[in-house]
Structure formats: C-alpha cells, structure tokens
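Since each chain sits alone in its own frame, please combine them into the complex, following the hints.
In order, the protein sequences belong to chains Z and W. Residues in the first sequence are numbered consecutively from 1, following this note's numbering. Residues in the second sequence are numbered consecutively from 1, following this note's numbering.
For the record, the hints were derived by calculation from the structure and aren't laboratory data. Misleading hints may appear alongside valid ones.
[What the hints assert, rightly or not] Some, not all, of what chain W presents toward chain Z, calculated at C-beta under 10 Å:
| no. | residue |
| --- | --- |
| 1 | 149 |
| 2 | 152 |
| 3 | 162 |
| 4 | 170 |
| 5 | 182 |
| 6 | 190 |
| 7 | 194 |
| 8 | 310 |
| 9 | 561 |
| 10 | 596 |
[Unchecked claim] Derived PhoX-like pairs: lysine-lysine, alpha-carbon spacing no greater than 25 Å straight-line:
| no. | chain 1 | residue 1 | chain 2 | residue 2 |
| --- | --- | --- | --- | --- |
| 11 | W | 610 | Z | 165 |
| 12 | W | 488 | W | 404 |
| 13 | Z | 3 | Z | 439 |
| 14 | W | 610 | Z | 439 |
| 15 | Z | 3 | Z | 484 |
| 16 | Z | 271 | Z | 206 |
| 17 | Z | 165 | W | 404 |
| 18 | Z | 165 | W | 616 |
| 19 | W | 616 | W | 631 |
| 20 | W | 168 | Z | 439 |
| 21 | W | 610 | W | 631 |
We put the CB at the ideal spot given by N, CA and C, even for glycine.
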Amino acid sequence: MSKIVHSVLPAIIMAVPWLAIPGAVLWGKKRPGAAKAVYVGCTAATFLLITTMYPRAMDGVVSVQHLVEVAPGINLAFRVDTLGFYFAILLSVIWLLTTVYSLGYIRTRETRYYCFTAINLSFCLGVAFSANMFTLFVFYELMSLFTYPLIIHEETEIARRAGLKYLVYTITAGAVILAALIMQYYYGGTLSFLGHGTLNSETISKPVLLIIFSVYMLGFGVKACIMPLHGWVPDAHPAAPSPTSALLSGVILKVGAFGIIRVLFDVFGIKLLGDLGVALPMLWVASFTIIVASLFAITQNDLKRRLAYSSVAQVSYIILGLFLLSPDGAIGGLLQIAHHAFMKGTLFLCAGIIIHETGKRDIREMNGIGSKLPITMLAFSVAALGMMGTPLTCGFITKWELGLGSIQAHRPYFIAVLLLSALLNAVYFLPIIYIAFFKGDPMDKLLKHETSRTMMVPVIIGAAFVVILGIFVTVPGLPYSLVKIVVKALF
Amino acid sequence: MENAVRSPEVVNSLLPAIALLLPLLGGLAVLVVGDRREGLRNLLAVVFSAAAFVCCVAMFPAVMIRGSSLTVTLNVLLGDFRLSVDPLGLIFALAASLVWLMSTIYACNYMQHEQRRTRYHAFSLFTEAATLGVFLASDYFVLFVFFELMGLLAYLLIVHNQTYEARKAGVKYIYMTVYGGLSLLCGILLFVSYARSLGFGAQAGSAFLTSSICFVVSGFMIGGFGVKAGMVPLHVWLPLAHPAAPSPASALLSGIIIKAGAYGFIRVIYTFHSGAEGVGGALVKHGHEAAGQVPVYMHNLHDLGWVIIWLGILTMVVGMVLALVQDNVKRLLAYSSISQMGYILIGLGIGAYLGAEGAIGLAGGIYHIMNHAFFKSLLFLGVGAVYYATHQLDMTKLGGLWRKMPYTTAFTCIAGLGLMGITVFNGFASKTLLHHSILESLEPGGPWLRAVDIIFLVSAGGTICYIAKLLSLTFFGHHRGENIHEIKEVPRPMLAAMGVLAAGVLFFGLFPGIVMRNLIVPVLGLFPGLDPESVHHLAGLQFYTGPNIVALLPPLAVGIVFFLVMTRWDLFRLRLPEAMGIDYYYSKTEVGFLRLCFRGSKRYSELRAKYWPMAKTTGEYLYDWWQALVKDYRRLSSAALDRIVTIPMDISGFATYMRARQFTGDIAYGVFVIAIVIAALTLTLL
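Bound-form chain W, shown alone (with noise of 0.2 Å):
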C-alpha cells in the first residue's frame, strides 16, 4: 500500500480540464443568453455548474480507489502548465462544485429581488472554474494563476449590489487580494527558485527544506493564503464583504473560497513533507527513535506547525469573541468563518507540529474544513432565506419565524447544531478529532499547549453562545417586527438546495467512519512523513464513544454560561471600541500612505521651484555669455572666420527662435546632473 501512495501512477486525462472548462463555458453561454431569456439563462447556469460537480465525481473512482493521478498537460502561458488531480485536490473540488451547484440553483430564485443577474450568474460560473483551477492545479506556479483569478472574480460577486456598503467592502476586499497575492508571488517566486521544483514538493536532495530559506518562503506564503482563509490579523475584508454579497455569494465566500487558503496551508505543509522523500520514507521515522533525533526538515515543520497553532488560536479567539457582539446576522456568520478557519488552522498546525505523528490534526483541519464548507454555506443560505422572505438582517428585529418558514428553521438549525459541534451532526466529529489531536500535542507541547486546551474548550462555548444567540433571536420567541403575515416561506428550488446541503451536514455527522476511510485517509496517504501507522489507527476510529460524547459537556455548560451571563448584563450589546481592531490602523495607514504621497509631490515641487531660478540664472548667464562670445567673433573675426561663425549664428538664431531663455534652466538641471552623476559613479567605482 504504501509504495502505491509515494508513487501514484499518473495517468493521462481531459477530465481536470473537462472540469474547469465546463463552468467556463456556462459563464460565457450565461452572458450571451442574457437578461432576455430569464429562464434559459438559469437552467444553463444550474446544467453547467450540474456537470462540473458531474465531472468532478466522474473523477473520483480513478483517485480515490486507484490512487492514480489524473494529469493534463497544457501548453499555455510559460509551456508544462499542468493540472493534475490528487485525493487532497479532488476533495476540494468536490466540496466546491456541490457547494457551488447548491448555491447556483439557489440564486435563480433569490436573485430575481437583485440587479445585474446576469452578471452575477456568469461571474460566479467564472469564479468556479478559477476556484477549481486552485485545487486541481499540479503546481505553485499553476495554483497561484487560478488563486489570482480566483480573487479579482469574487471581487465581482462582492461588489455586486453596488450600495455603498458594497463598494466599501470591494475597496478593502481588493487591496487586501492584490496584497495576498503579491506576498503569495514573491514566496511562490522563492520556492520556484531555491527548491528547483515543478511539483508541490521540494526536489528530492535539494538543501531547500533545510536551510532557513524555507521560513521565508513558508511566511510569504502563508501571508498570500492567509488573507483568503480570513487569518487574523489580515481577515480585515471578511466582515465587511460578507454581509455585502448577495447570500448565495456569501456562502461561496465562506464555504469554498476561505477554504482556497486553508488548502494553499495544506501544500505548504505537504511541501516540508515531501522533504521525507527525499531521506528515504518511513526509514526515517525509525532513524530518528533510534538516535532520538528528528531529521532537519521536520524540525522545521515542528517550528512551522508552533506559529500556526498560535495563529489559529488568535483568529479562534478574535472571531468567536467579535461573533458574540454581532446584530446582523451575515456579519455574525462572518466572524464565525474567521472563527472557524481558527479551529481549521490549529488542526493543520498541530498536524505539522506533532510532524509524523500529526495526521491526527491534519485529519481533524481537514475534515474540519469539508464540516465547515457544508454548515457554513447552509446558514448562508438559511439567512439569505430570512432575508428573501422579510429583507431584514437585525436578528434583534426578527423572530418567531419558524411558524412561518418551517422548513428554512429546521436547515438552519441542522447547521447550527453542527457548528455547534452537537453530536449526531458533522461539527462533533471534526471537534472530536480537533480535540483529540490537541491532547496528543500536549505531551511534547507542555504547558503552552495546556493552554490551548482550555482557550479551544472557552471557544467552542463561545461558538454554543452565539449560534444559539443567532438561532433563537431569529427563528424562535416572538416577532419583533411587522408583518408577520406577509412572510412565507421561500420557493421549493431554494428549498431543496438547502436540503441536499443539511443532508449532507448529517451525513458526515453520522458517518464519521466512511468519511475518514474513503475521503481523509487517502488524502493523508499523500504526505510521506506521516507515520502510516497513526494513519492506519485514524482509519480505524471510533467517533460515537462515551468519553467523546461526554467531552461534549463542559463546552455545552460553559456556552450555556456564556449566555446567560451576556443575557443577564446585555453584553451582547458591547461595543469594542473601534481603536482595538487592527482593521483602524489598516484604514491609517492607508490614509497616510496617500497623504505621504500627495505631500512628497507637493513637496518635490516646492523644492524645484525654490532651486528652479538657480538653474535658471545659470542657464541664461551661459547663454548669455555664448551670445556675447559670437558677438565679439562677429566683431573681431575676418571675412573668413565671419563664414564659420555663421553656423554657431544659425545656431543661436534657432535658439532664439525657440525661446530657449526658457528653457536655459532645463539644459543646465540636465548639465548639474549629468556632472553629479559622473561624479559620483567615477568615486564609488574607482
């Protein structure tokens, strides 16, 4: 088995462009129907997102049971652009195009209240098909095209109600992508470069893994894709853009496209991995336990893993606290994401930092992020679905609306109680890994690590508190606003949208072990490093056990603290003030940056025109003086030199023409220069 994993056999096949071609396509079939033909216009949208799901599942067999990769060659931008399908990509790409299928059916409905339809049914086909571009891409240089992409499109999806709120929140969303990228580009560049790799991994031997270079490259990186997962402190565009985006782009926000970063995290790790092959495999393992020595490039992982455990904790913490305070449901949800991008981060972490023994965080982040991409997009859609029916976001002024819309409550419910991490729904099964994982990190972790254990157990109350906050102030007691009569419930195509996802939701909850067995453990079987036996016991385990139910309480008591405490002294209302978020000194910097600008222009013409009339005197005592010296030539000369004078006469007869008195003073800034600059270069190079 586990010479079939390092070496997967590659096998030739369209399907990887099949799959990204088909959303494009529909994208542009979209824009040429157009708003004349509504109905044609959806169905062509819901077929071709339909058939890249179709094409993604097609792939599924070939990957996932074969373990074969699925490559295809294109010959585009700089030659070997490749894409090629492993277990770790194809999961993504499945979660993404259901997702995105669930989201698309649901738009046809939701999106006759909105403008511009047109444009968001194409932009969001185009955002899939850079989207699964990402995770099918066989490479950092082909990924970061499609990350790119990826990015400028959502901007599309963001921007798309165009109030004011909106264009606030593009603004901020763009700058914080072209950043991302640009961080993403230069450790992309470095990797290329240092590793000499044409895969994810380092190439076998290079010195890559294990000189300090990878830190630099791992912490470009990490700023590039961080900004997408809504890591803290660059999640600045998250709260804003959520709540602008229509619902169904809001749930591809925060379903697939925070997810691109989590799994741009995932390659970083596999990368120090691949180091693993390079030394020779499990040999490695038993190397070190008999020198009681990790080799280099795990060490490297280990220190890696530490920084993003802890940057997992501050994005937990920060999004979970910021969710409590929240009245409009879509910003609530937001900072949820950043929350739980937090819980996904620290179980990528500790799977780096326990190195070959951490697929059990890996596992758990990963799973984690399939959980997250099912509930999350759900109760965007349950809240679009509030919205549809009562256009109202203040869940202070909604309520007892599961009277009137029975069925929306129930989804989003399920997906509360999955984020929740309730038994019996999919969050208890990737908290119940998360959990684990931090345990077995506390032996070598020591203290530290403790701490971790009760700020994840403090979160996870947090997160009982302020879904169940969202739940019954929206859902259950009694109507705060008007017109309770004229809600309804929503059309049956948003309907069964939302249901394929909360079946999905229970799905994973309750079969925890089909999910590890045929999607996270083939996916595990990618990384070398791992000790196979830890990932063979993670096949084997067992979910609905006494003590991991029973680890499900002091979570529950401490949420059900939480909300009586906030209920009891109105907490829920306190405001931060807006000093204490780091978004305050984004906005002041750029401020400043522009104003330095402005006044570094301003300032340079000042300056100009304080030495202008220095130049200027000089220039024209020159000229001056060369008219004096053709004058006394004149005077002086022959019949003879008379005729050769003429021509510097022609000259200065041009001259005049052309009023080069005033330009005297740029021909002598041009000469100043022209001698600093010889100067200068004949001094330091000598």
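Next comes chain Z alone, as it looks inside the complex (with noise of 0.2 Å):
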C-alpha cells in the first residue's frame, strides 16, 4: 500500500489561479499591464506550487484532504496520487504556455478571457486532484461550463453555433455520468478512489456492470471525443481563439481521457474489466475513431479544422493505449497525454501565428509562408514530423511503447492501425510544410517578420518541449519517469 499523508497544498494550489481575477477585473482596462502580470504570475506561482508536490509523487506518497462531506459517504475530497501529479504538472505547463502566449493574441475583453481561463485551470487541478468520482464530477461539470465563454470568445456568429453545439453536447454528457456515477455509488457503494477496482463482479451483476461501464464511457467520451461523441471538437477548435484551441486539445480533451483513467484503473480495475471483455469492444472503437477522424482530417482545407480532426484521432491513441490493459500500452497511453498536449499545443499556437500574421485560415493559400514566417513554420514542422513519430520526437516514443504494448497484450493487428494513422498523419501533416517552405514562390522577403516575441516564446519552448521528451525520455521528472510509476504500481 501507498504511504498517505495529509496536506492541504491541493486546495492551496486550486485557490491561487482565482488570484488573477480581482487583478484583471479592478486592472483591466486601466492598467493592463499590472493585470497581465498578476495573471501570468497566478498561472506561473500554480506551476511552481505544483511542482514542490514532486518529490511525494515520485516516491508514490499520496497526499490527501478532506474538505467537506455533502451527503453522508459523499465528500468533496482531494487525493493527489503520482497520477493526479503528472496530470496537474503536464496542465500547468500548457497553461503557463498559453498563458504567455494570449497576452499577445488576444485584444478583445482580455478582461473575461483572463479570468475565465484563470477558473477553469483551478477547475481542471480539481479534477486532477480529486479523491472520489463526485469530486471529479463536480469540478469536470465546472470546468466543462466555464470553457463555454472562452469558446465564443470572439463573439461571431461562427463561436456562438459552436459554443452552443458544445454546451448541448457536455450538457448532456453530464447528465450522462451523474446516471453512471448514481449506478455506481447504488451498487458498489463508494465513490472513493483507492489506486485499485471498487466495484467486483462477485455482489454485482455483470449486466449491471456492463451498463455502468458504458454510460461512464458515454459520459467522458464526449470530451474524450471517441467517435461518435465528437461533434463539437471541429467546430468548437476553429471558432475559439487559438490559445484556447491550444487548452482544448492540449488539456481540456484529456480531462475526459482522464475521467476514462480513473474509470478503468480507479472504479473497475484492470483485472475486472478484463474478465468483462470490454476491452476489445473498446480498441476497436478507439481504432474506428484514429482512422476515420485521420480521414476526415485530410479533407480538410481549414487549417485548425484540420488540426482539429486530428486531436479526435490522437485523443484515441490514450484509449487505445489503456484498453490494450498491458504495461506498456498503459505507458504509451499515458505517455500520450502529455505527448501530444505538446505537440497539438504547438501546432495550435503556430496556427494562431499564421492567422494573427497573415489572415489565412485555408492552406491552399499558405504558398511560401515558411519564408515569411520561418520560426514559426519550423517549429509548426518539427511538431507536425511529431505526429507523425518520426525518431527523436516524442510522438515516436509513443507510438513505440503503444507497439510493444499491442503486442504484450497478444493484439498485434492493432499495430496496423497505429501505422496506418502514422501513414495518415503523413498524408494530412506533409503537405502543409510541403507548401509552406518548398511550394511555390517564396512569400515577399521584405514582410519577413515573426510576430511578438510573448507569442514566439511559448511556441518555441513548445517545440523544443517535442524534441526534449523525444530525446531526453528518461531523465527523472519527464513524463516517462512519471508514467512508470503509475504503471508500476497499476500492473
């Protein structure tokens, strides 16, 4: 068993980013520039408070807090175990990225942008801290809400059909988990997660637990976008700014991969849903979703449409690592997680350059840009040749660890469908620095100029992130070295 001990640093860290609020409200128009600090310095102080919790999660101590009990056996309760660390560090990081970068992106009601933002990040340490499945609902509905007015932020007619589209669809997601996780506390009991299954097939019924797990599914896998859950991803991407598509692939989307984690390794167990069966069901709709999504996404023109398809195909890469409930698919799954926030936050970030820059949302007319914008268009490609897995980024270690974990899981053809999503990826990524730095002629030398140096830092540290963790993989505190614990103490 893991070592316990109590902390109140998870409620501490949760309340710092609500910090940013009374300085963006009371600042916000008169003096920007204080609100802009004090908002970066919320989002950068959760970074560091996060990070004082690192030496616990990798000796796999688990920090608890009690705050309050809302129904008898119900609690709102935090529990930060090695998992809920990786997952909170890897938010922080995209937060603080993107967090640089909307200071120059975004020029329009700053004020409601930073403070919803700076909500919906302590809303996601929630659900990366939670103790039981009702914490993680209460703050996975929150956080769900609160992303709506950075969804339509710019306020067209595009953003708000999307935004709304988006709150019908979480709506109702909601609604789907508050019926599992009713079902759940019904017939198992308790809501606690334990670091092992709570429900057991010896006093319930596997009907019944066949229905739980499935409204669950249908639950988080509308953030989780499985196919045919997806329906708001490629139009709530496009219409957002693109810091916050950046959040919505990088973070918000893997909460529900998370809610999915914690269903698989906290509620059911690993051994249980095996002897279920329903890990077949599973990979296979995981499969369904990354090819057919990869399909979608080549046709495309829209370039954060694009981009868009792309995340609904990536995102079931961390299914389809989990479901394979071998070692190593858990760690390429998990791996993932952080993997592909860097680089669809990159891309998303470099998106936003390109349209920031030059208007051009369609990569028909990108002809010669990477002569124009060259930084960017680089950093664009090396996190795009990262979608693709090629060697020494780090989307080549997942796709690796996914392989050998197909494999130890004795399901080898599902290697055919991590390589033809390769081989996808390819066919949709290629011809995008294809017509950026070879096509064409090369766009006017003289309007050379990247943009502000707050957005070209975070995309730059993004893309060298790509390279890092495709290189450096084992050096302590890296994703892997995370992921290894948690797999270890799961498997």
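Structure below.
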C-alpha cells in the first residue's frame, strides 16, 4: 500500500489561479500591464506550487485532504497520487505556455478571457486532484461550463453556434456521467479512488457492470471525443481563439480521457475489465476513431479544422493504449497525454500566429509562408513530424510503446492501426510543410517578420519540448519517469 | 580464431559517438556561418566531413585487426541507446564517410551555380551523421531511429532545386520513405517483442528463428529496407529523385544512401545466422552432415534467400532494361543503380540461400556494395561535371567532350569500366565472386537457378551496352550541341574528388586479394552460421586466373550484340507505355485513396443531411412534449407544486434562451447512439 499523508496543498494550489480575477477585473482597463502581470504570475505560481509536490509523487506518496461531506458517504475531497500529479503538472505547464501566448494574441475582452482561463485552470486542477468520482464530476462539470465563454470569445455567429453545440454536448454528457455515478454509488457503495478497482463482480451482476461501464464511457467519451460523440470538436476548435484551441486540444480533451483513466483504474480496475471483456470493443471503437478522424482530417482545408480532426484521432491513442490492458500499452497511452499536449499545443499556437499575422486559414493559400514566418513554420514542422512519429520527437516514443503494448497484449494487429494512422498523419501534415517551405514562390522576403516575442517564446518552448521529450526520455521528472511509477503500481 | 570472432571483446570507446557528432556539429557550424562567408563555410564543411572520415579510419585497427567491438552507450531515448562498431558496420561507415568527403569537396565548386548553398551543405552533413548512425547502430531500434532520420533529411537534398521536377520527385520520395519507415518499424516492433533481443541477433534459444513469425518479421523489414535499396517494385522514387537532386547529392544517394537498404538486408541475414550461436556454432554443420538434415533456422534462411534472389533478379532485369532506353544521363545512371542493387541482392540472397556455405554469395554482395559505392558516385560526379560545364543532361545533345574535358572523361570512363566489370577495374572482382556464387548455388538450386545464370549473363551484357552508350554518346564522337568552344574542364577540386574515387576503383580492381583479406573476411567472420572453412577459402581466392578472365567474354559478346542490335533498329529510343510501370499503379492508388477520402466525407454529410431532419423532429417532438408537460403542471398545480415546477421552468427558460430547438437534434442523436451502443454491448457481451 502506498503511504498517505495529509496536506492542504491541493486546496491552496486550486485557490491560487482565482487571485488573477481581482487583478484582471480591477486593472483590466486602466492598467493592462498590471493585470497581465498578475494573470501570468498566478499561473506561474500555480505551476511552481505544483512542482513542490514532485518528491512525493516520485516516491508514490499520496497526499489527501478532506474538504466537506456533502451527503453521508459523498465527500468533496482531494487525493493527489502520482497520476494526479502527472496530470496536474502537465496542465499547468501547458496553461503557462498558452497564458504567455494569450497576452500577445488576445486583443479584445481581455478581462473576461483572463478570468475564465484562470478559473478553468483551477477546475482542471480540481479534476486532477479529486479523491472520488463525485469530486471529479463536480469539477468536471464546472470546467465544462466555464469553458463556454472561452469558446465564444470572439462572439461571431460561428463562435456562438459552436459554443452552443459544445454546451449541448457537454451538458448531455454531464447528465450521463451523473447517471453512471449514481449507479456506481448504488451498486458499489463507494465513489473513492483507492488505486485499485472498487466495484467487484461478486456482488454486482455482469449486465449491471456492463451498463455502468458503457454509461461512463458515453459520458466521458464526449470530452475524449470518441466517435461518434466528437461532433463539437471540429466546430469548437476553429471558432475559439488559438490559445483556447491549444488548451482545448492539449488539456480539456485530456480531462475526458483522464476521467476514462479513473474509471478504468480506480472504479473497475484492470482485472475486472479484463474479465468483463469490454476492452476489445473499446479498442475497436478507438481504432475506428483514429482511422476515420484521420480520413476526415485529410479532407479539411481549414488549418484549424484539420488540426481539430487530428486531435480527435490522437486522443483515441490514449484510449487505445489504456484498453490494451498491458503495461507498455498503458505507458504509451499515458505518455500520449503529455506528448500530444505539447505537439498539438504547439501546432495550434503556430496556427494562431499564422492567422494573426497573415489572416489566412485555408491551407491552399499558404504557399511560401515558410519564408515569411520561418521560425513559426519550423516549430510547426517539428510538431507535425512529431505527430507522424518521427524518431527524436516525442511522438515516436508513444508509437513505440503503444506498438510494444499491443504485442504484449497479444493483439499485434493493433500495430496496423498505429501505422496506418501514422501514414495518414503524414498525408495530412506533410502537405502543409511542403506548401509552406517548398511550393510556390516564397512570399515577399521584405514582409518577413515574426510575431511578437510573447507569442514566439511559447511556440519555441513547445517545439523544444517536442524534441526534448523525444530524446531525453528517461530523465527523472519528465513524463516517462512519472508514467513508469504509475504503471508499476498498477500492474 | 573462431572464439575471438564469436565473442568479440567489447571495448568502451567514444569514437563512434564522435564520428556521429562531427558531421552534426559541422552542419550546425555551416548554418551559423551561412552565406555571408562562403569560403569559410565551404572550408568548415570539408573539414568536418574529413574529420568524420578520419574518425572512422581511427576505428579501423581496433575493429578490423584486433576484432574488438567499440561500444558507447548513451542515455537517450528509452535509455540504453547503444552505438557499437563491428567490421560490417565499419566498412560501410568507411565507404560512407569517404564518399561523403569527396562529394563535399566536389560540391564546394559545383554548388556555385545553385541557390541555397548553406542549406545544402548543412543538410548534407546532417544526413551524413544520420547515415553513419545507421551503420554504427548496435540494434534494430537504434538503426531504425537513424534510418528514419536519414530518409527524412535526404528529402532536403532531393528537393534542393525546388523546381517542379524536384518537388514531384520529393513527394514520391517522402511518401515511399514514410511507407518504408512504417513497414520497418512494424518489423522491428515484432522482432523486439518476439526475439526478446537487445542486439541484431535473436536471443539464444528463443523460438523466434524456428517459428514462422521470423518470415513475417523479415518480410516487413525487407519491405522497409527495400524501399531505400531501390528494390523492384519499391524503386519508383529512385529514377525521379536522382536526376532531380544536384549531382553531388545524387552521388550520395546512389553511392551510400541506397546502400543503407542493402546494409539492412545483410543485418536481417545476420539475425538468422545468430541462430547458430544458440545451437552450438560449428557443431551444427557436423551435426547436419551426419544426420543429413539442416537446422530449422538455416532452413528458414534458405527459404528467405530464395525470395531475395528472385527479388534481386527482378530488380536487376527491370533496372537494366529501363536503363537501356534512357536519354537523360542521370536517369540512366539511376536505373543502372537499381539494376546494380539487383546484383547485390542476388549475391546476398545466394549467401542466405546456401546457408552455411553461403560465404561466397555474401562476399560477392558486400564486395559489390563497396565497388558500387565508388564507381556509381564517381559516375554521378562525372556527369555532374559535364552538367557543370555544359548545362546539358541529355546525352543525345552531348558528345566529343573528351577533347575539352580529358580528366573528367578519363575518370568517368574508369568508373564506367568498373561498372561493366572489365578486368583490372573493381567491378570485375565482385562480378566474378557473384558469378562463382551463382555457379555454386546451381547444384542445390537445380534448374531454377540455372535460369539465374543465364539472366545474369544477359544483364551483364545489357550493363555493358548501356554504359557503352552513355560513354560514347557523352564523351566521344562529335559534339551535337552548340558552343563547344566555351566548354572548359571543371575546377581542380572537383577533379581531385573524382580522382580519389577513381583511384579507389582501380585499387579495388587491382588488389582484390588485399580487399578480401582485410575487409571482407573479417566481416564474414561475424556470421556464426557460416562454415569457417569456406570463409578461409575465400581469403586465399585468386581472381586473376584464366577461367575468370575468359568468363568475361560471353557478357562482352552479349553486350556488343545488344549494342549493335539496338543501334541498328534504333531501339534506344523505344519508350514503354506508362501502364507497364508499377509507378502508374501507385499513382492511381494514391489518387484513388484521396478521392475515396473526399467521397467518404461527402457521403457522410449526405447521410447526415438525410437523417438529420428525422433526429431533429424527434428532438423537437420531445422538447414540445416537455413544454406541454410543464404547462400542464403549471395549470394543474397548487401553489406548493408551483414552487417545485419553477426549477424545470428555469431550465426550460434557459433552454429557450439558447435556442435549444436548433440543437435538440444533437441531443436526440446522442440518445439514439447511446441507446444503440448500450443495446449492442449488452447483447454481445452477456
């Protein structure tokens, strides 16, 4: 059993982002510099505070904190295990990058943007830190609702419609999760996460377990955009401002996947799922999503829409890896959370710079854009090569681990899905690089000016991470070491 | 001797890592200096590639003479990322770094005509680093990492000019590379999982080599390596890429990068040989002689060899026939490269086919790889020099250059004679070995391989014919272009680079015994399944004997007949219909696939549009029903009930606010899907 310590840190960490709100509200108009400083400062402070939990996470020590008992047996409580820490530190890093980026990108309604981004950070951390399904559900729902203002930020007709679609999807999904939650509590008697499954097949009949499982999957599947529940993703991503798209793809979709991970590891447990035989259908659903979403991505000409479909495909890698129910598969799936966050985050931030500097969204109009925005497009290329799984980028490590995992699970045919997906990734990413650097006359060299430094730096850091996570994989503190600890405890 | 070979002493040494880092640093230095100071940049490029060559030479004594394996372990990627140099890797690395050095020296002058010189030099050096990585890798994982990097980096060399042709070639190349990489990755993943191995060999005693999974793995690996090696039918990128790339880059592509594919084939064969270690090395041979039975892994290798031989024959013949009908000098050489890769594959295939007696086939294949690296890169540099001087690649518009460019002519002719396999030049030695190996395989192979002998003879004749065509049309006869007076010999550095390679061609041709003893035999010592006696026999093989030289006459005769026939009926201008090439069908598939994608998504939206009203109506019906329900409640409710109903009223008010009617279809759709999924899950899993 892992060691348990009591700690007030999770609540403090969750409170820190809220401090950005007074700054943004009070100084938003009069002293924008101060508002920005407070906003970035709070995000950075959150990140730093989370890093203080690193030693515990590496030792596998669990920090718990009890907040309030809502009803008998239903608590609002925090419990930070290595998995939670891994997710929290990842999302705070991505948040920090997009926060810095948004200072340069967001030029309208900054106050609202800053407030809601900060609040969302807090709620996402709540999901990562939650000690039971109820807490997770509460913060999950809050986060879903508070993402809405970020999506409709530009308040265009397209954005509103996308936002509405998003709301309808997530509210329905929330109700479905609630239903599953109630069933779990009724049959299982507890909602707590204990590091192993709490439902057991001796007291609960198989059909009931199956129904609980499928209802959970349907609920979380909307955020994790499993096809055919992905409808909101390709609309919301292009409509939202680019830093928000990066957050959506990098983190918020992963929150759905995180919910699935909790259901897998802490509600059902690996053994029970293996006995239930639901892993194979889930693998097929994930494979279907990976392939079909990639095929859809090929047909998109809007850059951000193509990236959004690519996200739909890539998030299913996580599902695929986890439901292989083998150690290497789980490593691959969990790594994909971080690796995809950096790759897709970088891609969306680059797309943002392209839109911001040239106003172009259609890939066919981007001939020679590499000579105008060389550093941006270089970062874009690095991240895109990562998505294809080129060695020395983090995408390769994921692909390798997933491949090993599928053989380990005695299901080697899922390698075909991985490789086909990599091929399709090449089909829809390589033309962009090709168009940017090699096709057509280079754009007027005199126009060559990269964008402001606040937008450039996050993009460069993101691309650097794509490479660093692909080369120095085993350095302690990087995702691989954390994921290893998580998986070692589970298998 | 046998023990020393079987368990090479592992020496920790930084040299392999340095050999890799030098070109990498050189590339970075070139990028930093950039276009501002051309002289310094060119000097840096040459110095760093020379340093890499020196570094490879420095590894020679330890690896080749003392037989130790230099190893360095880096803690990158998944940890335990090991570079390790054995004789096989080293001879490839030596050839690669030498050709690269010459190409870089040559490129300093050659590239003055071209744009983006800094990019060329930088990425040429980066590619060198990746290529050396392929040869110095200690296991398939490391090899794959560098193989992919090499493939992607070489893209920049191919599209360098960014003309329409170059881009078209680049597109074909990059997709073939991606495809090959995935096939290779698949093979390696399976290998690592099933052979549980940390090297190129399967783990001793593992069932991998005796089960049928080894064919799946080697199939995927051959699919991956074959793309790089230009193996028919995966060769389609090669004839496009070579003419499109600048000449020094073509020399690298043909001289070295396609050899990385052949290197992969050798490693696959090596993996099969590792089975011998598990069963007890030399004992195997005596065992099977006694029992009249071949061990299972050797039997599998035998089958694999048979496949490789026929792939090689196909490659050889297709390349030769297409080379005959080309007018573009570089395209002719590209097809010739394909054909020569066929020779190499035949050699390696026979090496595998003959199992323990296959030393001669492997030796022929490896010797030919080395020779081809020299003469083909020299040929590309030679025609590059012609292009430098005349800006013409169509050989029907050249001619009579030998007066104006005597040195270029001499060097190119040496390379051409090497390719023909004429005595004294290097091709003679390797083709003799290949011919011997075919003869040796006749006995176990029977009539099928007798056909191989005849095909081999015919393609050797064809080779002689197309090289004669190339040399005579380009350098001899009268000039068919304009401005012969303006043509000058190319600058000295370019000549020097070609001269060194020409010297190599002559050396490998004149002293085959030295080459065999010092380069080839140590490599063969790596293969534990080979019969030590036959390896020993190779070390003392005499090349310049009467029968060997006489054996040259039939191909020469065939070549002359070919040449006469083709000139008489003007067959050199024959063009095959497009539909006969495999590339035609690849393109069809590509286009068809994209069309399928677009059609599929169109069909999807059609379906959605068709069934959307249904979902929407259902949703609206539900919504109206809910509204009516609320209304009824309000009408019927007492004051107490009224308070409860306000909550749903608020929700419905909110819903009206967000025009939920529009999206009720989405909800209904979701409910529909949920219902179906739950029903399906419950039904199938109960």
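Now the hints, each set against the structure:
{"no.": "1", "hint": "149", "verdict": "6 Å, holds"}
{"no.": "2", "hint": "152", "verdict": "6 Å, holds"}
{"no.": "3", "hint": "162", "verdict": "5 Å, holds"}
{"no.": "4", "hint": "170", "verdict": "7 Å, holds"}
{"no.": "5", "hint": "182", "verdict": "4 Å, holds"}
{"no.": "6", "hint": "190", "verdict": "7 Å, holds"}
{"no.": "7", "hint": "194", "verdict": "8 Å, holds"}
{"no.": "8", "hint": "310", "verdict": "26 Å, violated"}
{"no.": "9", "hint": "561", "verdict": "46 Å, violated"}
{"no.": "10", "hint": "596", "verdict": "8 Å, holds"}
{"no.": "11", "hint": "W:610 <-> Z:165", "verdict": "20 Å, holds"}
{"no.": "12", "hint": "W:488 <-> W:404", "verdict": "6 Å, holds"}
{"no.": "13", "hint": "Z:3 <-> Z:439", "verdict": "59 Å, violated"}
{"no.": "14", "hint": "W:610 <-> Z:439", "verdict": "40 Å, violated"}
{"no.": "15", "hint": "Z:3 <-> Z:484", "verdict": "18 Å, holds"}
{"no.": "16", "hint": "Z:271 <-> Z:206", "verdict": "14 Å, holds"}
{"no.": "17", "hint": "Z:165 <-> W:404", "verdict": "75 Å, violated"}
{"no.": "18", "hint": "Z:165 <-> W:616", "verdict": "14 Å, holds"}
{"no.": "19", "hint": "W:616 <-> W:631", "verdict": "22 Å, holds"}
{"no.": "20", "hint": "W:168 <-> Z:439", "verdict": "10 Å, holds"}
{"no.": "21", "hint": "W:610 <-> W:631", "verdict": "33 Å, violated"}
The structure is inconsistent with the numbered hints 8, 9, 13, 14, 17, 21, although it conforms to all the rest.
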